[in-house]
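Participant: Here's the letter readout for the chains.
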Amino acid sequence: MIENDRVHYLDNLRALALLAGVLFHAALAYSPLMHNFWLTADRDKSVWVDVAAWFLHLFRMPLFFAIAGFFAARLVNQRGVGGMLNNRMARVLLPLVLFWPLVTAAIGWLAKRAASTVRNAPPLLELLRQNDLPSLPLSLAHLWFLGYLLLFYLLIWIAATAEWRVAASWTLAATPARLLGLAPLLLAPALASVSAPTPAPEGPLPQLWAVVFYGVFFFFGYALHWRPLLLSQFRPLSAALGIASLAAHTAFLWLLKVQSRHTGAHLLEAVLQAYVSVWMTVWCLQAGQAWLNARLGWLRYLSDGSYWTYLVHLPVVFAIQFQLLDWDAGWPIKWAISVLVTLTACLASYHFAVRGTALGRVLNGRPGRREGMAVTSQGRRS
Amino acid sequence: MTFAGHDLQMIRLLVVKDWQVYQKQLAGYLAGLLLALSLIGTGRTWSFNAGGLLLLVLLVSTGFFAIGHIVVNERKESTLPFVMSLPVTALDVFIAKLIAGLLIYLVPFLVVLSTTILLVLATSLPDGLLVYAMLVYFFMFLSYCVALCVAIAVESEGWNIFIQMALMTMLSPFMIWAGSLQSIATNVRTNHIVWSPEVLSVFGGEVLVTALALAVTCWFHTRKASVLQSS
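Going line by line, the protein sequences match chains A and B. For the first sequence, the positions run 1 to 382 when the numbering used here is used. For the second sequence, the positions run 1 to 231 when the numbering used here is used.
These are computed hints drawn from the structure, not numbers from a lab. Just so you know, not all the hints are guaranteed correct.
What the hints assert, rightly or not - Label pairs and their calculated CB-CB ranges:
1. B:GLU198 with A:ARG165: 48 to 54 Å
2. B:ILE117 with A:GLN233: 46 to 52 Å
3. A:ARG295 with B:LEU121: 46 to 52 Å
Backbone N, C-alpha and C define an ideal beta-carbon position, used for all residues, glycine too.
Using the sequences plus the hints, can you model the full thing?
Facilitator: Here it is as structure tokens:
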């Protein structure tokens, strides 16, 4: 449903994907798999966190990039490649430049403070405490996706300027069976080149596997704009995709548990991750189109505040979870507190300090144009 | 709009023309640079070396093809007689070529330069490598400026190819020589960034040669009465 030039199901999906991002980052503190690598890793952890969080992880960002690709194509259609780039510089590059130093400085400060105050320090914090880790490595933190979005926008300019239409014609000619059956196999080598579950490519330079993996989803979303009926072709497969994804994820977790060092096992893990990513992204898009294709008040508000919330949520999550490390309570309670307090703080700050200000205009566009031109500012929120 | 007798609007149009003509190739080079950066970012030894090598090769070939495209080909394809029909002076054409040539090269050059600075300072690579890398990059920039000036001033295609090949060949000996400078050799594997007097004098020399090449070519063109007048 497109109303006032807004694509409601994508708006709503984006808002839910935002929520998934906060849930995911808050859950990592209680993940056995991340215990040695996460700053707020808690004593109390559960394998069920791994089961749920890593399932979410496999399609949360692919879905973001597919939505971003769709809206990039829409911008190109409305304003041309140059107009799209100008818009993206304001909505993606500027927030990256503004928020990256603030977010990394906040995380660094919080970690150093926690290293000297927390009694039950997790392994990574213990390293900081013992000065074995003199400083945190340079990283884009959770804002890495902004860097990759910029890279994909640049690739659109490159493809348009160099008149490369091969990839576009392949995508446009792809059938649902090929996309669901063969595309994951093409993604598997990229995933096989890194550890499982896939790490966040948060380094200062792009990583080839992430360019390939997330790029495929971005350009799938891009092609989706030009093939609006493609999504409806997946509808008969919807239930099967969901069930098959759960089965593939179960097999993936079993392989992780076995911890086989055989190359074939790692390749199989990559294949399973690729299938879950593609199938669940398609399932989410299709489900969103079927069930969320209407203006829903609370989701609409969340959608407006989603960019701000996503940009600032990680230091807030850390600030809360550092306080919870010495508290003797079960992980579900700590996780629920960190999620609720983070969302409340982020959305309240958006309502009272961002919406309607100059910063709000940078993030959401001018209020008068938000309704009519909101589609132009959607891609950046992933 | 004119400035010191030059038609700035016409110069701008000529620069835009060269930029647009070369844009397609530039897009290809940018794609290559992104691939090289992605290989470096992957962090494995083989991909780091392959990406670094690709970065240098692309930078050299970008310059080589930029000069060929906007200066040499223009003569071969007789575009100059058309430019002559425009209300421009020989010096305007020279200035436009110079700006376009520098602009086209500076886009990938600055991408590579800033990436190298980021890479050296933000990763586990020794910070002392920065001084050495700067010397090499500015030598590449110097080579490009000299080759561009020669291409603008000398009409012989053979001489242009010879000069470009000679400058490219000098890159490797320069890298070896710069690496053997005492302050570079001492600090290149450490985290000390040392701008010693000998390093600064090499930089000074690079700046001087670049400025000299630009000044001589400019002086040469001020003496031309028409676009096609040869030396």
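Participant: Next step is simple, just say for each hint if it's right about the structure.
Facilitator: Now for the hints, and whether the structure bears them out:
As the Cβ distance of B:GLU198 to A:ARG165 is approximately 53 Å, the hint placing it in 48 to 54 Å holds. Roughly 48 Å separates the CB atoms of B:ILE117 and A:GLN233, a value that falls within the hinted 46 to 52 Å. Distance hint for A:ARG295 and B:LEU121: a CB-CB separation of about 48 Å, consistent with the stated range 46 to 52 Å.
The structure agrees with every numbered hint stated previously.
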